[in-house]
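Hey, can you work out the whole structure from these sequences and the hints?
Chains as they are written, first to last, in the working numbering: chain A, 1 to 279; chain B, 1 to 324.
Derived from the structure by calculation, the hints contain no laboratory data. Only a predicted model underlies this, so the values are computations on that prediction, with no experimental measurement involved. One or more of the hints may lead you astray.
As the list claims (entries may be wrong) - Interface residues of chain B toward chain A, partial, derived using beta-carbon atoms under 8 Å:
id	residue
1	Arg258
2	Trp315
3	Arg319
As the list claims (entries may be wrong) - Chain B regions said to be covered by chain A (calculated; three or more residues, Cβ under 8 Å):
id	region
4	97-109
5	140-148
6	196-203
What the hints assert, rightly or not - Non-contacting residues of chain A with respect to chain B, defined by C-beta distances greater than 10 Å in every case (computed):
id	residue
7	Asp4
8	Ser57
9	Ala114
10	Tyr143
11	Val169
12	Val204
13	Asn223
14	Thr263
Every residue, glycine too, gets a C-beta built ideally from N, C-alpha and C.
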Amino acid sequence: MSTDVVSARRRRTLFIYVGYLVALMLFFGPVLFMLWSAFRTHLDITSTPLDVTSALSADNFVRVFDRFDFGRYIVNSVIIAGGSTALGLLFGAPAAYVIVLRQWSGLAFVMLLARMAPGVMFVLPFFIFSVAVGAPSNTALNYTVLVLAHVVITLPLCIWLLVPFFESVPASLDEAAMIDGATIGARFIKVALPLVAPGLAVAVTLSFVFSWNYFLFALALSNNDTIPLPAIAFTFIGEGQSDYGGLMAASTLISLPALVLATTAQRWLVRGLTAGAVK
Amino acid sequence: MPAVSTGPPRARGSGTSRGRSRRRLALRQRRHQSSAQARLKGTTWLFAPAFLVTGVVVLLPIGYTFWLSVSDRQPDGSNAGFLGAANITRMFDDPLFWQSLRVTMFLFILCLIVETILGVALGYLLSVDVRGRRAFQAAMLIPAITAQVAVGLLWLLIYDPSLGVANRLLGSLGIDPVVWLGDPDIAPWSIALVDIWQWTPFMALIIAAGIRSLPSDPFEAAGIDGASGWRKAWHIGLPLLAPVLTVAMLLRTVDLIRFFDTIYVMTQGGPVNSTNALNVYGYRSAFVNQDASYAATLQLALFVLVLLVAAAFTWARRRFSVEY
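Here it is in structure tokens:
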């Protein structure tokens, strides 16, 4: 009887591992192929795509930095993703705190609208506005417009992610601080914020990656000086057909924050991606 | 003689224990209410910046889009004024609009069904505690958080008609090469495959979290009654999982109806508009055809579609959710 149970469990474990193998080949295989191709020559990738014995080198990366101003694009991406994340958190954290305190669903609803509205709906008004203020020809203004546009992504995300964290802070702590005479600002900064520190980390990392990845706003709103990685990679496609190695190196560079995140902050990421879906 | 006497002595009569406790309760409630009120004092200032920013970057653009859709903006930036519903009638008479709606619905339904079915299977794998589960989960996370542009470029290479991996693999099986993105009959399926690849693991992660939070009692009871594993999964697991499934499907639905990035990177709506989803059509109307007012109308139609489908989902969830 008990050996039956053991062998049934063994069989199930084996079944799971076979499933792992299939799933890894299907879903992780292409990512691996991208990373691997980034270190191979165009000729190798296209003539013997799955030959594991072909030579590896970092030439593709050297070339994209050499021929294109890749350092600049990375800096642009950092400015835009970093700026919009900072603003999203700066406005979003107090808002999430108040939403929980007031048990307010009105703003949550507006956030849901922002989550559901198609991006082009924002990019068109933003584009018209940016042309009206002369942003296409002014680098500082252009960065500002891009950061503000990305706040459309980061602010709802920060609030959405932070509300459950603030909900888990016991109300008695807030009351106690109030009885001790703490102002609302002190209660927020000194009592609530330290307790939601993990939530802040989740919000920062996810906002940064989502903003970094976002393609549409950069495509429509940036100029030659402010263009970030995803938008510039799009313009490579034309030349790509003759240089898949360089294209995969560019893709790898764009994917870097996400890859780092998936391996280091996995638990938070699962929680953030599934926020609201599962209690 | 009460053991502890607090406060001033009260007049006889009103001091029955019931009356006293009721008054005390009322007092406590009032105190509680006032403390709840006091806790909210000054919160406006914490909230105002987010409110303002939301107004400027979210509500104002939505409102402006609405204005664009009922007016006649020219490519040179001037506006010829109020048009009323002219753009909407134009949209209903526009065969390209109906075509793009068909593409959107095709991608939405195909991807949602496949992602849900595969997501349940993969979600089961992700839910079982075996050694290496975390590492496996990390690998499964990567497609969903990889930038869409990188995903698009990667699949352009895989789909390359003469040089790509896909046709080489087919070739080694003796199958003729497929024109993945160049054939209007095949391109929508190729695009759907990319989305399924990218988002099935995401569905699976949500479903796995749902499976892991299921109560074990019903399964044990059914096991004692002699139900097989499959029967347990189908008759107990799936109904219990329905709320999580609908939320996961809703999240995908909202994104699928707004399908844009992958298409724009890989085909820009072509060939012959076969992948010209509504969102892509809206973007091209604005930035390629320079027709802002009509683009705004298409975007509003898309927004309404998203809201309608989301509302239908929410309704179905309330209607069919079973309490256990």
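- Task: Identify every previously stated hint that the structure contradicts and give their numbers, smallest first.
- Result: Numbers 2, 3, 4, 9 and 14 - these are the hints that the structure violates, sorted from lowest upward.
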